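Enquirer: Taking the hints into account, I'd like the entire structure generated from these sequences.
In order, the protein sequences belong to chains A and B.
All letters in the first sequence, in the order written, are residues 1 to 380 by the numbering used here.
All letters in the second sequence, in the order written, are residues 1001 to 1277 by the numbering used here.
Worth flagging that the hints you see were computed from the coordinates, not collected in a lab.
These numbers come from a predicted model, not from an experiment.
Beta carbons are placed, not taken as given, at the ideal position from N, Cα and C, and that holds for glycine.
Check before you lean on any hint, since a few could be wrong.
Below, in silico cross-link-like pairs of lysine-lysine (BS3-like), each with a Cα-Cα straight-line distance of 30 Å or less [stated by the list, open to error]:
1) A/Lys310 <-> B/Lys1015
2) B/Lys1149 <-> A/Lys310
3) A/Lys150 <-> A/Lys24
4) B/Lys1015 <-> B/Lys1036
5) A/Lys240 <-> A/Lys310
6) B/Lys1143 <-> B/Lys1180
Examples of chain A residues toward chain B, derived with CB under 7 Å [to be verified]:
7) Glu281
8) His308
9) Ala330
10) Asp333
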Amino acid sequence: MSSGDGSTLPSAELPRLLDVLGAKGYRIIGPTVRDGAVVWETIRRMADLPIGWRDQQEPGRYRLERTDSRDIFGVVHGPQSVKPFTFAPREPLIRIERTSGGWSVHSHLQPAEPIALLGARPCDLAGLAIQDQIFLRGPYQDTAYAVRRKGLFLIVVNCTRALPTCFCRSMETGPRATRGFDLALTELDEVMLIEVGSEAGQAILAELPVAPASEALLAEASARIDACARSQIRSVERAKLPQVLYEVHDHPRWDEVGARCLACTNCTMVCPTCFCHTIDEAPDLTGQRTERTRLWDSCFTHEHGYIHGKNIRPTIKDRYRMWLTHKFAAWHDQFGTSGCVGCGRCLTWCPVGIDVTEEVAALLASDSRKQQKTVSQRHE
Amino acid sequence: MNDPSLLHSTTIIDKIRETADIHTYRLRIDDEDERKRYRFAAGQFNMVYLFGVGEVAISIVSDPDEPETLDHTIRSVGRVTNAIARLGVGEHLGIRGPFGQGWPLEEVLDRDVVIVTGGLGCAPVVGAIEYIFRRRRHYGAVKILHGVKTPEDLVFQERFERWGRQPDTEVFLASDRPGKAWRHHVGVVTELFEMVSFTPSRTVVLMCGPEIMMRVGVPILLRRGLPPTAVYVSLERHMECGIGLCGHCQMGPYFLCKDGPVMRYDRIEPWLGRTGV
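Expert: Structure, rendered in structure tokens:
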């Protein structure tokens, strides 16, 4: 199961993988083109996959384009990470009904449908590992998350093309997946290199017409993945994190970025690790029943910091500072890991193109005091 | 450990008026087995739930040795608490909990205690004060410092008078804008920090109220020789889940619902003076 050995499957035989997964009872979910982006959808046939498509991503920009290539996984990613499949955006928890003596509580918890997710990226798996840490390894285990997580079969696709927004190399989360998958694919022209990461993955592989991978092919895969890492133009300087971020609370950069941020919450919605949630209470018209549903929340909303008549984080600057400091500093104290995996989604889906790597760099600039002076001089 | 998601139905067995908009609700868990199983520590809180409306975090102010009835002092100030205010004896509230870290009342046995509260935020320390007086001989000298803007804000006046009559106990009150009848200190509560006498080596301070009071007040106590590890503050943030998962109650690296609401001062000090955290 080491990453050193592998099997190969001609890309033309990939339908066999869909057949085997389907026969094992999995619903297959993979990337599909919809409304100008790639989103997760049920995959019934190869044509559902974004064959020949590529994504162009920049801060504040996402475009799909058709190419002459026959690559199946030419699109790096869409707005969704793996997160919606384990930490559901909308999770009905309980229904409460009035009774003569008070009320009775009924759980909405259902056994999860087995899902095979085809086409997750290494950064997505890193995000999933962080969410596992939060929802499964703390003092309390989240039941809804645990049930969904258990039913998930993960087929990751290693990256051989980096987007301008990618910075997984600096976060050490990609572009090669090293753990946390059942099967890992590397797409090499007309061939898929397949590595096994679990017993469940081995069981699937055993039913595929694979051949052992040659040394040359393994070397070719490594070379392409390494080239992808080297081609990344963005990075986060992690040496001084997390402590320095706690010390720059009064840095003028927060005012500057706070003035650009719209507090639209997009970055937190596309983030593979953001976990804030709230409970929606929805009584029916009779007043006899009420439903409690968990919804994703965001630290950029006005309500997030609300407490009896006042707001702890009233300005957008406060909320941006909260978000970034949490991701890159507090997360280490809380969960022993960074809260950022370098997937770049928060750059792409930010309507004003705020680049978190640029913000971190500005905050970490060693001459922050000098910078403070420069800003105040500019205001004079 | 109690199941954090389990919602216990309770009955309001008493509703005590503290002021026009503050009431103490005495709750009894309806299910007998759950009632016998339920335990809490002074300073912990419950998520109090009103059917069809929602939840709010409220500290438990009754005695932890009598966990079959649970007192919650609630001020009507928001959507949920305004709806709760319309309930009467015999009606139902839900509770989840107890959550969080309470006051270190067992650790500080035999020591002197200075209890500081400000404004209307003194409900969380009321439980601690009553706890100490029920076990009076196990604690040393007790000083209670309480500051209000105006005498009308002195919510638990009867209690302060009763506490002041306890042995080896002093109560100091301060008001910014007192009326003619005010017989106590005129000014803010932190001025009392200069006036109160205490032995730094054997004193523990429990504090609850506005963060500005902590930020300005604690350094005065530290200058008088009190170690920062002997000061405990009860903090407030938006709390929803009670178990450090929903993300709202963060303050620096802490989730106050899980790591607090009572925090030792030296741990939280870097974040106390900061805006927007």
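Enquirer: Which of the stated hints cannot be reconciled with the structure, identified by number in ascending sequence?
Expert: 5
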